[in-house]
Each structure stands twice: as C-alpha cells, then as structure tokens.
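There are 2 protein chains.
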Amino acid sequence: MSKPPHARATALLQRRLGSGLVKTDDATCYAASFDSGRMSFLPEAVVLPRKHEQVGEVLKLANTHGVPVTPRGRGTTLMGSATPRQGGWVLDLTKLNRIRIDDEAGMAHVQAGAVVGKIQDAAAAKGWFYPPDPSSKAYCTIGGNIACNAGGMHGGKYGVTRDFIIALKGYLPTGDYVEWGTATRKFAAGFNLRDLWIGGEGMLGVVTDAVLRLIPQPAARWTLLTSFTDEVSAFTAARALFGAKVQPAICEFLDRYSVSCAEGAMGTTIFPGQPGKPVILLELAGSAAEVREDKKRVLAWAAEHAVGHRAARTRAEAESLWAVRRKCSGAMFQMGDAKLNEDITVPLRAYAQFARFLEKLRKSSGLAIPTFGHLADGNLHVNIMYHKADPAECARAEAAVQALMEKVVALGGAISGEHGIGLAKTPFLRIQHSDAAIGAMQAVKRALDPQGILNPGKMFEVFETWKCPKEAVSFPWDHK
Amino acid sequence: MSKPPHARATALLQRRLGSGLVKTDDATCYAASFDSGRMSFLPEAVVLPRKHEQVGEVLKLANTHGVPVTPRGRGTTLMGSATPRQGGWVLDLTKLNRIRIDDEAGMAHVQAGAVVGKIQDAAAAKGWFYPPDPSSKAYCTIGGNIACNAGGMHGGKYGVTRDFIIALKGYLPTGDYVEWGTATRKFAAGFNLRDLWIGGEGMLGVVTDAVLRLIPQPAARWTLLTSFTDEVSAFTAARALFGAKVQPAICEFLDRYSVSCAEGAMGTTIFPGQPGKPVILLELAGSAAEVREDKKRVLAWAAEHAVGHRAARTRAEAESLWAVRRKCSGAMFQMGDAKLNEDITVPLRAYAQFARFLEKLRKSSGLAIPTFGHLADGNLHVNIMYHKADPAECARAEAAVQALMEKVVALGGAISGEHGIGLAKTPFLRIQHSDAAIGAMQAVKRALDPQGILNPGKMFEVFETWKCPKEAVSFPWDHK
Numbered sequence: 001m002s003k004p005p006h007a008r009a010t011a012l013l014q015r016r017l018g019s020g021l022v023k024t025d026d027a028t029c030y031a032a033s034f035d036s037g038r039m040s041f042l043p044e045a046v047v048l049p050r051k052h053e054q055v056g057e058v059l060k061l062a063n064t065h066g067v068p069v070t071p072r073g074r075g076t077t078l079m080g081s082a083t084p085r086q087g088g089w090v091l092d093l094t095k096l097n098r099i100r101i102d103d104e105a106g107m108a109h110v111q112a113g114a115v116v117g118k119i120q121d122a123a124a125a126k127g128w129f130y131p132p133d134p135s136s137k138a139y140c141t142i143g144g145n146i147a148c149n150a151g152g153m154h155g156g157k158y159g160v161t162r163d164f165i166i167a168l169k170g171y172l173p174t175g176d177y178v179e180w181g182t183a184t185r186k187f188a189a190g191f192n193l194r195d196l197w198i199g200g201e202g203m204l205g206v207v208t209d210a211v212l213r214l215i216p217q218p219a220a221r222w223t224l225l226t227s228f229t230d231e232v233s234a235f236t237a238a239r240a241l242f243g244a245k246v247q248p249a250i251c252e253f254l255d256r257y258s259v260s261c262a263e264g265a266m267g268t269t270i271f272p273g274q275p276g277k278p279v280i281l282l283e284l285a286g287s288a289a290e291v292r293e294d295k296k297r298v299l300a301w302a303a304e305h306a307v308g309h310r311a312a313r314t315r316a317e318a319e320s321l322w323a324v325r326r327k328c329s330g331a332m333f334q335m336g337d338a339k340l341n342e343d344i345t346v347p348l349r350a351y352a353q354f355a356r357f358l359e360k361l362r363k364s365s366g367l368a369i370p371t372f373g374h375l376a377d378g379n380l381h382v383n384i385m386y387h388k389a390d391p392a393e394c395a396r397a398e399a400a401v402q403a404l405m406e407k408v409v410a411l412g413g414a415i416s417g418e419h420g421i422g423l424a425k426t427p428f429l430r431i432q433h434s435d436a437a438i439g440a441m442q443a444v445k446r447a448l449d450p451q452g453i454l455n456p457g458k459m460f461e462v463f464e465t466w467k468c469p470k471e472a473v474s475f476p477w478d479h480k
Numbered sequence: 481m482s483k484p485p486h487a488r489a490t491a492l493l494q495r496r497l498g499s500g501l502v503k504t505d506d507a508t509c510y511a512a513s514f515d516s517g518r519m520s521f522l523p524e525a526v527v528l529p530r531k532h533e534q535v536g537e538v539l540k541l542a543n544t545h546g547v548p549v550t551p552r553g554r555g556t557t558l559m560g561s562a563t564p565r566q567g568g569w570v571l572d573l574t575k576l577n578r579i580r581i582d583d584e585a586g587m588a589h590v591q592a593g594a595v596v597g598k599i600q601d602a603a604a605a606k607g608w609f610y611p612p613d614p615s616s617k618a619y620c621t622i623g624g625n626i627a628c629n630a631g632g633m634h635g636g637k638y639g640v641t642r643d644f645i646i647a648l649k650g651y652l653p654t655g656d657y658v659e660w661g662t663a664t665r666k667f668a669a670g671f672n673l674r675d676l677w678i679g680g681e682g683m684l685g686v687v688t689d690a691v692l693r694l695i696p697q698p699a700a701r702w703t704l705l706t707s708f709t710d711e712v713s714a715f716t717a718a719r720a721l722f723g724a725k726v727q728p729a730i731c732e733f734l735d736r737y738s739v740s741c742a743e744g745a746m747g748t749t750i751f752p753g754q755p756g757k758p759v760i761l762l763e764l765a766g767s768a769a770e771v772r773e774d775k776k777r778v779l780a781w782a783a784e785h786a787v788g789h790r791a792a793r794t795r796a797e798a799e800s801l802w803a804v805r806r807k808c809s810g811a812m813f814q815m816g817d818a819k820l821n822e823d824i825t826v827p828l829r830a831y832a833q834f835a836r837f838l839e840k841l842r843k844s845s846g847l848a849i850p851t852f853g854h855l856a857d858g859n860l861h862v863n864i865m866y867h868k869a870d871p872a873e874c875a876r877a878e879a880a881v882q883a884l885m886e887k888v889v890a891l892g893g894a895i896s897g898e899h900g901i902g903l904a905k906t907p908f909l910r911i912q913h914s915d916a917a918i919g920a921m922q923a924v925k926r927a928l929d930p931q932g933i934l935n936p937g938k939m940f941e942v943f944e945t946w947k948c949p950k951e952a953v954s955f956p957w958d959h960k
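Sequences listed follow chains D and U, in order.
Residue numbers for the first sequence follow this note's numbering, beginning at 1 and rising by one.
Residue numbers for the second sequence follow this note's numbering, beginning at 481 and rising by one.
If you are wondering where the hints come from, they were derived from the structure by calculation, not from laboratory data.
Hints should not be assumed to be uniformly reliable.
[Unchecked claim] Distance condition first, Cα-Cα at most 20 Å in a straight line; then the derived SDA-like pairs of lysine to any residue:
(1) D:467 - D:450
(2) U:606 - D:240
(3) U:606 - D:4
(4) U:575 - U:619
(5) U:776 - D:326
[Unchecked claim] If we take Cβ atoms under 8 Å as the criterion, some of the chain U residues that face chain D in the derived model are:
(6) 533
(7) 536
(8) 628
(9) 676
(10) 684
(11) 696
(12) 723
(13) 827
(14) 828
(15) 829
(16) 907
(17) 910
(18) 913
(19) 914
(20) 921
The beta carbon of each residue, even a glycine, is placed where N, CA and C say it ideally should be.
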C-alpha cells in the first residue's frame, strides 16, 4: 500500500499532540469517513482535541503542509457536510463538551462538542429553555448545529440556531484564535463574522465555544391533533391560523402519504374511520394564562377547518400523538429503499400551489413522495422514494428532485431550510443563487481560508449524491 | 477653485441618471457632509436613486473611476458612519421608501429608505409589532438600522435589528445585485452573507430591500417607575428581577446624575421628597393574562428592593413617566457643552463592579458622567461631559473614555452595543478585537470591495473624534 499523501504532517501532529489524540487506525478512520448521508471518503487521521488550543495547532500545521481538515461533531447531518471529501484529517470535537448554565443571565456557556439534548436538559433543570431541536437532538452537537444553522420543530415561533447565538469563540481556517461577540445581548463592535460562522458548514472557521441565549421554560403546553380532507384544505387552514396571529410553538404537518406510512407502521388509524387523512399536530406553549387564551382560539379554528381533532389530556397522551410524527419518516422505506430527503421552504401564500405541484410530480414521476414538515416556517420535508437497483426509477428521482428545486425557488422559497448544502445539495445551489452571490461567498471563503484547507470540496463543487454508493450502516438517531 | 477630483465621473453619472438625481449644489453637499456626529466632510455629489437598479449603476461607475461612495439614510447616527470621509459621492437612499405589510405571514417588505417609525405604524395598523426602536425612530431609516444593527429600549426581551431580519436584497460594493435569503423563516442555502451586511456599517454592500419579521402586537402594557438608594442597589435589584426570569419589554435605568438632569429640566422631583435617586423604569408587554401574572411578581419585587415605586394607571400617565427618560439626555448639556456618548455593554454579573468603577472615574477625571441605558441587555449609555474650550478638560475626557473602554472589555463587555464604530469608536476597536479578528474583518472587506470604494476610511483607521471640529447644527431628533 502506498503511503498516504500527508503521512509526514500526520506524524508531526502525533508528535505534537500525542498519538492518543491523533488516531490513524482503520476502524476510527472508517467511522469518520461518512456522516448520516452515508457517503464514505477515508481520512488519514482523526484528531480528538481535549483543549481548544489544540484546534489552533491542528489548523496551523494543516496550513503549513496543505492538509485538508474536516471539522466534525457527531456526524448526524444527512448532507455529507461532515465527510472528509478530500481526505486529510477529521477534526472530531466531541471531547470538548462542557456545559455551564448562567442562571441569572439566561445564557448557556457551552463547548462545540456538547450534545444539544444535554444542553436543553441542563437549561431545563434551572427553569430555562433552549428551543432549537433537530430530530437528532439526543445525539447531535451544538457545534454541528451552529455550522448548519440547525432548525427543528420549534422554528416557527422561536426561530433557529442562529436566533439563539450570542457569542462564539474558535479558530479561523489559518489557525488564529478569535472571539466574536461577548456574553451580552447587544454587540455592535466590528463586522459580524459571528453570524458568518453560523451556517458556514465548517468552511469558514472552527467553533470551539458558544454562548447561547435561553428563554424562560414555558410553564404550560397543550397538544392538539387535527385532520383534514386533503392537503390543500390543511394548508388553507394553517394560513387562517397564522393570519389570526396564533403562534403555536410547534405546528407539524403530515400529508396523506406520510400518515399512511405511520398508520401502517403503528397498525392503527389516527382518527378511527378516517384512515390516511393529512394531519396537523399543534403544540401551544407559554404561561398557563397564555396557553389558556390561545387554546380557545385554536379549538374554534379546528371546529371550523378540521374534519377531526383530538386534544391530549395528559403528557403521556401528547407523547402518543407525537409518536405519529416520529414514525412516518422511518416507515417510508416501505415505498423504496432509497430516499432523496429534501428540506425545502415555501412561503405561506404558495402552500396550496405547492401542494398541487407535488401531486403532479407524483403522477409524472410515478414515485412516492411523502411530505411532512414544519408549517409555521414553511419548511417541508419532501421525500422522494425510489429503488436504487432500478436505473429508470433513479433517473426519474433525479429529474423529480431537479423539478422540485426549480419550483420552490420559483415560488419564492429555498432549496434548504435547515439541512444546509454539504455535498448533497450542491447540484441545486445555482438555482437558488446568482453567479454574483456565489462569487461573493467564494471570495469570502478565499479571504478567510487562503490555503483552502478547511472542509474543502463542499458547497460550491457539484457532487451528484445519487451516483455515490451509500454505506450500509445504521445510526442510533435513525428514524425507525 | 480647483476642479473636484471626480468631476468627470460625476458628469458621467449625471448624464446617466439625470441631473435631478445627482445633485452637486453647495447646500445639498453641505447637508450630506455630516451626520448627527456633526463632523463634516464635503462630498462632490449627492445621488438620490428612485429605483433600486440605479444603486447598481452608481456603484459600477464608482468602481470604474475609483470614486468613494458613502451610503446614507437619514444620518441620525452619532458615530460619523454616514459621513463621506473621503469625499466622492453620498448615496442617499431616502427616496426608496416603500412599505408593505404581509398580514398573513407576519412580515414587512420594506425599502432601505423607509422610516422605522412608519414601519411600526404600518405594522401596528394590522395588529403586528416591529420591536427595534432607536430613540430617533421617527426619523431614522431601516437601511441605517440594518447597517448599524440598531438596538433600542426593547432589546432585552425582543432583541435588536438583526433578530428581525429575514431577507435582504441589494448590491455588492462592485455593483452586482444579490439577494440574501427568501421571505421564509428558515434558510440554510449557502454562506450567511445576509448577516454580514447587518452591522456592516454600509462598508460591505448596500441594502435596497428588506423583509422584516413581525410579532403579534402586545395586547397589554403596564408601566412602573421604581427608585433606589443608589446605583449599586438598583443594579442588584435588576439582577434579582432577571434571575427570577421576569422579562420586561423595557427596563430603563437612570443614575442619580441623569435623574438630577431630568428633574432640573422638568422643574419637579420624580418621587416627592426623594430628589436625585436612581430609577428603573419598567414596561411589561404581552397578552392581558401574561401582563397580569408578571405584574404581581414585579410589584412584589419592587416592594422588596425599591425605595419608591409608582405604576401608571393610564397610557397618559405612562407617557409622563417616559418623559423622565427622554428629558435626561438633552438636559445633560448643563454639565458641559461637549459629550462623549458611549453605548458600552457590561454583563449582568459585572453591574455593581461597573457602578463602582464609574464613581471612581468621576472622581479621578473631575468630570460629570451621567449614565443611563437598557438594563435588560447590559447596554449603558455613559456620557462623559466636558467643556470643549477647556484643553485640560478635553484631555481628561479623552483619558476617561480610554479608561472606560479598557474597563468594559476587561469586564467581558463591549465598546458598542448599538451605535457601531463609524469614525467615533475607531480608537477603541483594538481594545475589543485581536489583530487576528481585525485581520479577518479586513480580509472580508477586501474580498467584497476590491477597489475599496464603499464607505472608505471607517472602522479600521483610527480617527480622534475629540480633535475634530463639530458643526453647530440642530436636528429634529436631538433630545431636548
């Protein structure tokens, strides 16, 4: 076997950090070669810093020797953003995972490798709430959430990761230490490079520490499941709800295909006698008085618009309603063994138009395209299901995803609401953005990473994910 | 008189846009030569685009001919950010001022020159609320607010301008048109250059259009004025309030010196028999039920911590309490004819320490330093008063502002919470930021503005504002 291209630099790094922190064994390198997108590119080493200064050392050495460096949290991203596309070193930040809650200021001081669910638990223990909640929250790290500007179900009312970042610390691609912002709610001193790191997909810097904004834990929650005759009437009802200025903490939509998947998997119908009806699952959150007031308005709305509705009387009942939402994603694999999972957004006014487009796309492609998602922020997960052994289906899936992306942008929406670009969305970036916009992004990348060593080969280079073989691995955060 | 250096380019621009949009008369150029910082630098022309495409034409021509371009809204900034420091053209965006409220989506679609107060009024007419509220809101434009990431009194609970920006459109310094984000609440497609424009002080691009997030108009408000024995006890009380997770919509602090100024100007004492006591002015906002709940907690808090408190029974009474806050700023000029108005931030835990530092600074400098500001976000306005004809006082003011900036950074705070850097804060940027951080900011600037034509000479070049003569002009938005 030939020597890996950066063997000398890797040996130097091992000498500097100790070989315990710089692993080159096959098992470790293989495990870091893919993320949840399951596309594998082998790194030469996996570096596991124990101190934030070591991140700077890694990057400085990488610049000197031209070694690609791919930062990584838990690798729950589906987009291939955390795969070492050009080999080199994976910078695994999971050992930097301290969490401290500043109870008085309502802030969390965390390291990049802290698990989002653990941050939420630590905050909740002191009466605070950190709302962003990607479905992998029990596993994913805040560093990854920041890199991808992660969203989740609470986005409509509370916002996404970006809306809860107060300050960041970390390293420029050159290895220089920087701090963006202070642990204060206002900051207007110099260009806003903090926010450039948010959603930068680990290409513009490496976050080691963050200060997060917390909000008071809602005292009360109330969950309601509603069903509708069809998708267009569900969307029309949602528009009426938001137009009445009701802001549910969560507002999840499942189309009839997603509902059928979930019902099949659970062996029951959600509303007895009404199988396969699209549903909207609502959760109100706030003070007891606030929830009481909004509940009345939501029940009146449901009586007017829904064909069925059922409120949870207890937290356990609410949990059983949420099970519907969680079941649908995994159950979809009965419709195909491969999935193009697209997290597009469409503006509220285009909802009905988009529902009609999806119906047409199902017919013209002959593919199952179950769709669910976050209605309050227009972020829908469109799942194009196909069989990977069938070349004709693959071609139709590829054409369908292209048509989908063109449609959402034409409707004033976005090709990604919360997953980011990584490798998987690169074919569509130029549908969203003009040459000038992409040119500006690339100019910023070159300005901050002149050697091009940080997470290279992502975002701007077109990568056809459907042609790339997928590793047959399962993750604890897979929807089952 | 010699020909202005860019006369040929100006003539070309007049030919292209028509001379009605490109003014070169003395009165227009003088009026655009300064902002509220009153430092004057004459431009060669003032351009008043009527269509957003004309912004692109101006910038393209400026790049070809090397003409400095300074974007400008209403010029309410105190920092000199909107002055044409290197001459050239002022790009006045006030004629691009359309406002449209999307009632259903809870968004405002506005042009850069729209006045913030008018946006608030248009939103309120449909039951929506746009919280950021700099004290000049009846005059200042949203474009300027975005450029400076303006804050205001509502920052603690609701956030600042950045927290309400959904999408921006406009021009890169090169004159290329770009769009950042869509009118949807989530967007994760490509680097976040939208947020780089926010707080970019008009140096990284020119915003022509913005989509703003609105929140439901609070149904109820309740105002309470509280007084304290001294500053340290006021700060200690505030910490107790926030620690109890009460989030007032507004929480304004005035130290004893500010209160004395206001009382002098109004010819009355705020609390009879308690002249010159520091006060905290609170406003709760939310649903009727929410305000009712919080009111009880706030009254219990006031009974425990304050030496006096008085609730407003009507909106008119609330307005009279707010008059105290508005009076203090203008009334300070009885203590000196010049003011260094610094909008620093300090973290909650450092409040008492900072109050003690200010007392020492008053003694050591011999200057009056009345201080007021926004307690819920740690953004305090420290006003160093002096007499500009007295060289010894000037020197002491200069030393005092330097000591202040070093102290706030040492305490974990910021040299500016909402005003930005412009010219006036340039001497302190390197107290806040390391060489690496500033180097990264400058690299981004060069990447996006290779000719260096957009608002040059600001942020990074040290400018000693106290040595610069000030124009004797008054503005409608001056505090009186």
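Subject >> Hints that the structure is at odds with (numbers, increasing) >> reply: Going through the list in order, the structure violates hints 1, 3, 5, 6, 7, 16 and 17 and respects the others.
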